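Each chain is listed here by its residues.
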Amino acid sequence: MTTTSWRRLWLVVLVGLIAVWLLLPATVVLPMSLNATSRLSIWPEERSFDLYREFFADPEWTNALIRSFRTAAIVSVLATVLGTAAALGIVRGFRRGAGIVNAVILAPIIVPVVVAAVASYLVYLRWGLVGTPLALIVAHTCLAIPYVVVTVLASLRGVNPRLESAARSLGSSPAGAVWHVTLPLIRGGVIVGAFLAFMQSFDEVVVSVFLASRRGRTLPVQMYSSLIEDIDATVAVASSVILVLSIVLVLLVGVSRLANARGQSGTP
Amino acid sequence: MPWTGRLGWKLLVLPAVAWIAVFFLFPVGSIMLRSVTEFSPPETGGLDNYRWFFDTPANVTVLSRTLWVSGYVTLLCLLLGYPYAYFMTLTRGWVRLLLLSAVIIPLTTSPLVRTYAWLGLLSDNGPVVGVLDRIGLGRPELLGNSVGVTVGMMHIAFPMMVLPLYAALLRVDRRLLRAAESLGAPPRTAFFRVYLPLSAPGILAGAVLVSVLSLGFYLTPALLGSPQQTLMAPLIVTQVRQVLAWGHGGAMAFVLFVLTLALLGIGALGSRGILRRGSAARVEDE
Amino acid sequence: MAAVAAVAAGLALAACTTDETGTPNTDAANPFNQDVWSTGGPIDYSTFDMSGQEVIWADFGGSVHEDFKKAYLDDFEGLTKATVVDGSPFDYAQVKAQVESKNIQYDIITGAPTSIDQGCGTLYEEVPDSKFYWGGIDDKFKSSKCAVPHGTTALVLQYNTNKYKDNPPKSCADFFDLTKYPGTRGMWTSVLGYPLEIALLADGVAPADVYPIDYDRAFAKLDTIRDDLRLFPDLTRGQQGQANQEYDMIIQTSVRGYRGAKDNLPYAPVWNCSVGQVTSLGILKGTPRLDAALALVGYASSPDGQRKGATVRASSPVSKDTDLPDIDAQMKDYIGAFHEAEMPIPVVDAQWWSSNFDDAEQRFQQWQVG
Chain B
1 MTTTSWRRLW
11 LVVLVGLIAV
21 WLLLPATVVL
31 PMSLNATSRL
41 SIWPEERSFD
51 LYREFFADPE
61 WTNALIRSFR
71 TAAIVSVLAT
81 VLGTAAALGI
91 VRGFRRGAGI
101 VNAVILAPII
111 VPVVVAAVAS
121 YLVYLRWGLV
131 GTPLALIVAH
141 TCLAIPYVVV
151 TVLASLRGVN
161 PRLESAARSL
171 GSSPAGAVWH
181 VTLPLIRGGV
191 IVGAFLAFMQ
201 SFDEVVVSVF
211 LASRRGRTLP
221 VQMYSSLIED
231 IDATVAVASS
241 VILVLSIVLV
251 LLVGVSRLAN
261 ARGQSGTP
Chain L
1 MPWTGRLGWK
11 LLVLPAVAWI
21 AVFFLFPVGS
31 IMLRSVTEFS
41 PPETGGLDNY
51 RWFFDTPANV
61 TVLSRTLWVS
71 GYVTLLCLLL
81 GYPYAYFMTL
91 TRGWVRLLLL
101 SAVIIPLTTS
111 PLVRTYAWLG
121 LLSDNGPVVG
131 VLDRIGLGRP
141 ELLGNSVGVT
151 VGMMHIAFPM
161 MVLPLYAALL
171 RVDRRLLRAA
181 ESLGAPPRTA
191 FFRVYLPLSA
201 PGILAGAVLV
211 SVLSLGFYLT
221 PALLGSPQQT
231 LMAPLIVTQV
241 RQVLAWGHGG
251 AMAFVLFVLT
261 LALLGIGALG
271 SRGILRRGSA
281 ARVEDE
Chain W
1 MAAVAAVAAG
11 LALAACTTDE
21 TGTPNTDAAN
31 PFNQDVWSTG
41 GPIDYSTFDM
51 SGQEVIWADF
61 GGSVHEDFKK
71 AYLDDFEGLT
81 KATVVDGSPF
91 DYAQVKAQVE
101 SKNIQYDIIT
111 GAPTSIDQGC
121 GTLYEEVPDS
131 KFYWGGIDDK
141 FKSSKCAVPH
151 GTTALVLQYN
161 TNKYKDNPPK
171 SCADFFDLTK
181 YPGTRGMWTS
191 VLGYPLEIAL
201 LADGVAPADV
211 YPIDYDRAFA
221 KLDTIRDDLR
231 LFPDLTRGQQ
241 GQANQEYDMI
251 IQTSVRGYRG
261 AKDNLPYAPV
271 WNCSVGQVTS
281 LGILKGTPRL
291 DAALALVGYA
301 SSPDGQRKGA
311 TVRASSPVSK
321 DTDLPDIDAQ
331 MKDYIGAFHE
341 AEMPIPVVDA
351 QWWSSNFDDA
361 EQRFQQWQVG
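Chains as they are written, first to last, in our numbering: chain B, 1 to 268; chain L, 1 to 286; chain W, 1 to 370.
In case anyone wonders, no lab produced these hints; they're calculated from the structure. It is possible that part of the hints are untrue.
Which residues of chain B face chain W? A partial, calculated answer using Cβ under 8 Å [unchecked claim]:
#1 27
#2 118
#3 121
#4 129
#5 130
#6 187
#7 205
#8 209
#9 210
#10 226
#11 227
#12 232
Given the structure is predicted, the values throughout are model-derived calculations rather than measurements. Ideal placement from N, C-alpha and C gives every residue a C-beta, glycine not left out.
Okay, chain B solo, but in the shape it has when bound (with noise of 0.2 Å):
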């Protein structure tokens, strides 16, 4: 017993020293944000609360912030609708030769982002989408399906098939079966998919630059734009209200499903 209690702790020694290690700089960046100059240092002499003042009285900012809620929401659910059907149709309908559907489906992040950019910036020119709030859209949507992809074809791999053919011998149809047998079962994946989609779209600066309107910018490209031309602390208020926005959000989230899991035991 006591070598596995060692072995346990030291997991969690470790376990715990990353979890340190990752939020480190996601909770410097609220102290960076408190600073009544505008440059961007860990713990600013002058603390106040001027920037964030400035943040939301600026509509600049706000609206930005909006549209990338916005564009990233859309995104999420087209990169993740696709991405899973075509997730079951890689593990369902290739024996062999699925490798250039990979290809095809992989290149969006294998290819450099800042070709990528050009290249659509180039093509949509031409399409005129162009400044539209399309552009983005479609072009996001690109760069999040692989990540859908490669997340739920790992989940569906653990997913025996036989579990389908056994609902359809019980009357199933094959969409029924899918429906109600595999993808529940794979949901876990289809959710890290779908978050991994948003936060991709969310936080997309090259190509945005590109492809985004005057008037339609998101916040990554402002904040870009704040930081390539001057040290603008503006962006550590930005990063600071998104933090606090998604650990509401994981609290909203978690909390609810610890509620709703409390009567099933064993569960993932």
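Using the hints provided, position chains L and W relative to the given structure of chain B.
Relative to chain B, chains L and W alone:
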């Protein structure tokens, strides 16, 4: 009926493939085409752009460095991410929520801001060096070298390893582990011969995402490191955005694309071996 | 449904706002509508009636755009009744893409004359004498007919006053002297930080002999400080480094040096080691709003625009007869016009740069990689 057969399943990939083909592959393909149609002097035609790239030793150095960095970042993320994801499946309730939040919350902070935060944290006058000094490890230089760059890159890549891995590990039935142990296998063997192979899809997913992500790192190594850590992305950016030599840019993108597919292909073949045999196997890193 | 509504709303909004600029004044008596604006003398833009005209201006965004608004854009709008639309931030790759697909999204971009000169005639319009008073611009700032100078800045050696207060560096050679001045050195990764010129000056090359640049000599000199050299990927990172006092000496722009000085950063300029550079405006080739763009670039480089530009941006004027009002001593420290006598290279050689930029940038990058 055709819809219940393989063809029906195959058609499910069509929407995603069509979307990417039209909105991504077509534009990118046109730029990669420029690698054989657009030339800036002294190059004039044919494969000159590729010759330009491979003839310069510094370019090849950077390419190999990029692949190498991608490899060890993936490996490090795997070595640290696996225990983390595994531990998450062992816990329940608020502990698991806490661990999950620790992974999700960094993702919600823009990578640019995170990198600037590391800049402050790892600087010579920063808190990390301060702590190291106090516990007797001296005042090492953490910026401008591989240490800072690795820390920064891993921080961005780590959630991409843990989340897919965790999602896949959720699907592994731990009762199989107990069954193996009840049949007489010592815990270590049970883990390596039963659990690990079952988690292979998750490992593959995380490794693919992280290795591909690492190939594209640009600002993080530039801000935290020195030019000794230059990777492919800044080279491509210079050609595409400053020099406006899209023939060069297209060629570099094509080389990177083909190489990556090749590496992923090798990795996938290897892991399929793990899946089939289901026995203990060394995890292949991409 | 929400997604569709959002998209529709976005498109509708985009369509609506383009109608707001009103109807242009097509009156024949309007000076703006004449074929010739200048017969060899300065143009008085206050007589122009540009109501209903739109001009899209793109710079690098952020606080730079704020400065430009205060310096020229707001005044121009007030004077001519035109509407200036902000297209920032822009990218040179976007310019090339727009001109190629004949879908112009920006009329005017700002930048180093090198990029504009290289694309003169292909990516950028030539500014004609009939609608621009070239005579009003100091000759040494001119390069190609496509690059309209509207200010100068300089790359200046700046040193940490805390570290070197007793014995400050006085020349480019001191930047490379690690024995007398041990410490870290900061430089931009782009060759537009003029490391080659600085290295040659430090190696004893007379300013008049710097061009054409001897690459081997410059890189040999740079090699001597390689270990202590901290290169930053963009000027903002350099500024942040100054705020953290990461560099004991840095080659930084005068404009950013001034911003740092306002923030009380402990750095001081050494004009004895400086390289001046023009900041220019370029008009994209094929823009449907050519005349409006010509008017705006003309205003920006006129004495009125230059005076405002100097006081707002700490940029040194390019027009011949700009009388600078009282500028405080701190800003004077960073405006090249007040230090012309000390500057070894008041303006870089535009001809050499427009032919050699690509080569120089690639070589410098190769040198960095190792």
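Go through the hint on residue 27 of chain B and say holds or violated, using the shortest Cβ distance to chain W against 8 Å.
violated, 19 Å
Would the stated hint for residue 210 of chain B survive a check requiring a Cβ distance to chain W of less than 8 Å?
Cβ of residue 210 of chain B sits 6 Å from chain W, so the hint holds.
Going by Cβ atoms only, is residue 227 of chain B closer than 8 Å to chain W?
holds, 6 Å
Going by Cβ atoms only, is residue 118 of chain B closer than 8 Å to chain W?
Where the cut-off is 8 Å and the nearest Cβ of chain W is about 5 Å from residue 118 of chain B, the hint holds.
Tell me if residue 209 of chain B is really an interface residue toward chain W, meaning its C-beta lies closer than 8 Å to one of theirs.
holds, 7 Å
Given residue 121 of chain B as an interface hint, is the shortest Cβ-Cβ distance to chain W below 8 Å?
Holds - the Cβ of residue 121 of chain B comes within 8 Å of chain W, reaching about 5 Å at its closest.
Verify the interface restraint on residue 187 of chain B: the C-beta must sit less than 8 Å from at least one C-beta of chain W.
violated, 23 Å
Status of the residue 129 of chain B interface restraint (C-beta, 8 Å, chain W)
violated, 10 Å
Holds or violated: is there a CB of chain W closer than 8 Å to the CB of residue 232 of chain B?
With Cβ-Cβ at 6 Å, under 8 Å, it holds.
Status of the residue 226 of chain B interface restraint (C-beta, 8 Å, chain W)
Given a least distance of 5 Å, the restraint on residue 226 of chain B holds.
Taking the closest Cβ pair, is residue 205 of chain B under 8 Å from chain W?
The hint is violated - residue 205 of chain B has no Cβ within 8 Å of chain W, the shortest such distance being about 11 Å.
Status of the residue 130 of chain B interface restraint (C-beta, 8 Å, chain W):
holds, 7 Å
The structure does not agree with the numbered hints 1, 4, 6 and 7 stated previously, though it agrees with the rest.
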